[in-house]
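Peer 1: Residue-level listing of the chains:
There are 2 protein chains.
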Amino acid sequence: MSTAWTSRYALRTKGITSSAIRELLKITQRPGMISFAGGLPAPEVFPVQRFEEACHKVLTQQAASALQYGATEGYEPLRDMIANNMARYGIKAKVENVLITSGSQQALDLIGKLFINAGDRVLVEAPTYLGALQAFNVYGAEYVSVPIDENGLRTDLLEEPLRSGPKFMYVLPNFQNPAGTTLSEGRRHELVLLADKYGIPIIEDDPYGQLRYEGEHLPPLVVLDRENLRRDDGYSIGNVIYLSTFSKTLAPGLRLGWIVAPPEIIGKLAQLKQGADLHTSTFTQFVAYEVARDGFLDKHVKLIRQVYRERRDVMLQALEEFFPPEVTWTHPQGGLFLWVTLPEGLDIQAIFKSALEQNVAFVPGDSFYAKDSREGCRHMRLNFSNATPQQIREGIRRLSAAVKSHLTATTPRAELPLEV
Amino acid sequence: MSTAWTSRYALRTKGITSSAIRELLKITQRPGMISFAGGLPAPEVFPVQRFEEACHKVLTQQAASALQYGATEGYEPLRDMIANNMARYGIKAKVENVLITSGSQQALDLIGKLFINAGDRVLVEAPTYLGALQAFNVYGAEYVSVPIDENGLRTDLLEEPLRSGPKFMYVLPNFQNPAGTTLSEGRRHELVLLADKYGIPIIEDDPYGQLRYEGEHLPPLVVLDRENLRRDDGYSIGNVIYLSTFSKTLAPGLRLGWIVAPPEIIGKLAQLKQGADLHTSTFTQFVAYEVARDGFLDKHVKLIRQVYRERRDVMLQALEEFFPPEVTWTHPQGGLFLWVTLPEGLDIQAIFKSALEQNVAFVPGDSFYAKDSREGCRHMRLNFSNATPQQIREGIRRLSAAVKSHLTATTPRAELPLEV
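Protein chains in written order, with the numbering used here: chain B, 222 to 641; chain U, 222 to 641.
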């Protein structure tokens, strides 16, 4: 009975993939569970008071517009604010370059809709953000995966995959999800030049760019693209579409992201967005604008950096203290995640099960690979933004116990003296 | 330069259609313009005070959840409230039958994604809601159109189109958009039986069902489907997917709609929704729940009915008073729209231009047909919910002048005595 509709009406089954993480989040609601699984911001840093003031102001002064239908492209003062904010990172965008989306996830969906015909190849990092895979899968994407290392995408391995003619490249240069790695400046230049050489557009996904805890800000690909190629016509023919979001700086519950692209692309994406949801909530856009304006967002981001840097450091320290020497991990300069590498031969799903028994959760690495990959089975993604420092320390202690139990278990029994 | 990306990267151009109405809305922002073009609620009826209280309550008591990521299926208390509210219309739904969407438009997009493979036929009313056409076009839908009359879809013409094997039927039984007509009870029974006979699912879109200004509530198709077919297993194998929204009863700026369907379908749509936008804004869901709860929504809908009934009556009276006898129109029992039929041979686009010159706007009928149709060129859709009674009267006076100028203009010159 449960598949009555699917079989009766020949419904789509291919390309529908559920995010392992979102399913996981249900388990992690269990009391006593310490979860490093989701990519959830710390609720302690939500600027609740400021939201209250913003709601009050919007509803007393602008209710007739804020509760009404709005423009598909988004609330103009918000688009304008975003364009101005990005100028500080060297991204020269005007209002007409900005489309407000219902979270960054919708940006990925609209890009999939615009670019991908069934069977088209998409070049992705291995590992990469699994929400992007989920968005692109629906349109029948095939994948070309290029590995990353501590300095991000391996640009030395990029030329052959580019020759295979992918429809676009999807990259997360800053504090990558899941690995926490950052694309080095040298590789950024190489990437942009290669994209231009082969005429392959870059989708630059940058949800965490502002959350840098150490080191210098590196130029976005969208900026290098224009500079390197000496394009003086601003944003009209660049190779790069840039995505970002308020989910990590204000609140994910708003579902507010944005796309920066040439006006031609914004126009097409806006038409697709009309058919997808008419427009993003005017109310949340008005509220976000009132919350973020007058320099509040900048001040608030400083607070978030401080809180998350501490949590990252607590996690790194706990990993050092509790984890066995066979295990390694990345040292992210920002963002929300770090990436743990286990010795070969372990069963990540079995470790995951043991971890849940210990009331600690993470996301097994295999979820982040476009294709089945043995490589994925050696990794765990750990989030350090959501749990408190105390929980992080305790969670890593529990997780180390789960890992260690499997390290011992895999020690070949034959090596034990028979008499033991 | 402006199509540089499209040609360089072979972007999708087929299936991207912009809503004529949404483009129109930009023109109608002009000062002095009286617009009957959009389907906008009256801002005067937005329950602003109640929204203020709801925001305050949500932010002081539940901010950590209301601003955080949430479940793809939606906020459970809101889904539960929707299920309970619908029970009063005989729709037996439980929480697991309800998926919250980012407006009803997203429901149409997700249904298109799930059902339509390029070239699949979709059976639609002629005329029909153009946002549905826009959503389905992207997936490569072809259309079979069945005309409507004052009693809604012509079920006597339905059998042959059903034999052609459409993937589903899309119907608006109550106060149809654009025509304002309501499907009679007899035809509802016929429709449900025919759908069952040919095994064709029905998408029942009901954004206006609660806004009835006269006559008796008629049973939804989803209820007749279960009753007529004596299905005792509740909602598990019905032929009907039911859609509705808070856009016309609370506020469209929230972008909150819902789908009622068997759990199997809800599960698949939720997976597609994950890839599309993760979930609908938790904040707007929490706020809508607090606004609607404790019987407020019912009371508020009564107020809306009163305001819109008056506006409908003012429009009907003004049409009677100002319009020439060759022109006819529907008498909607509810909803937001009425549908004007002009004599044959007039150029609706020319009338539209004249109307804009007179500072009054409507939507030309041809937008609402799946295929190019001469029929569409005889119609205007008029919205009566957004303008005030005074504006409605003045707008219809202006519009009648525009129409009359074309009636005269089409009088063949040859009939004039040469000496005049």
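Treat each hint with caution, since some may be false.
Identical chains blur together in the list; that is why a pair holds if it fits in one copy or across any two.
What the hints assert, rightly or not - When the alpha-carbon atoms are kept at most 30 Å apart in a straight line, the in silico DSS-like pairs for lysine-lysine are as follows:
#, residue 1, residue 2
1, Lys315, Lys625
2, Lys278, Lys574
3, Lys313, Lys418
4, Lys574, Lys313
5, Lys574, Lys523
6, Lys592, Lys625
7, Lys313, Lys247
8, Lys418, Lys592
In case anyone wonders, no lab produced these hints; they're calculated from the structure.
This one's a predicted model, so the numbers in the text were calculated from it and none came from an experiment.
Peer 1: Hint by hint, say whether it matches the structure.
Peer 2: The hints, checked one at a time:
Taking the shortest Cα distances, Lys315 and Lys625 never come within 30 Å of each other, neither inside one copy (53 Å) nor across copies (45 Å). For a Cα distance limit of 30 Å, the shortest separation of Lys278 from Lys574 qualifies neither inside one copy, at 48 Å, nor across copies, at 39 Å. For a Cα distance limit of 30 Å, the shortest separation of Lys313 from Lys418 inside one copy, 23 Å, qualifies, whereas the shortest one across copies, 59 Å, does not. For the identical chains of this complex, Lys574 and Lys313 are neighbours neither inside a copy (48 Å) nor across copies (38 Å), given an alpha-carbon limit of 30 Å.
Taking identical chains as interchangeable, the C-alpha atoms of Lys574 and Lys523 are never at most 30 Å apart, the minima being 37 Å within one chain and 54 Å between chains. Within a single copy, Lys592 and Lys625 get their C-alpha atoms as close as 28 Å, which meets the 30 Å cut-off; across copies the closest is 66 Å, which misses it. Taking CA atoms no more than 30 Å apart as the test, Lys313 paired with Lys247 passes between copies only; the shortest distance there is 26 Å, against 41 Å inside one copy. For the homomeric pair Lys418 and Lys592, the shortest alpha-carbon distance inside one copy (27 Å) is at most 30 Å, but the shortest distance between copies (43 Å) is not.
In summary, the numbered hints that this structure violates are 1, 2, 4 and 5.
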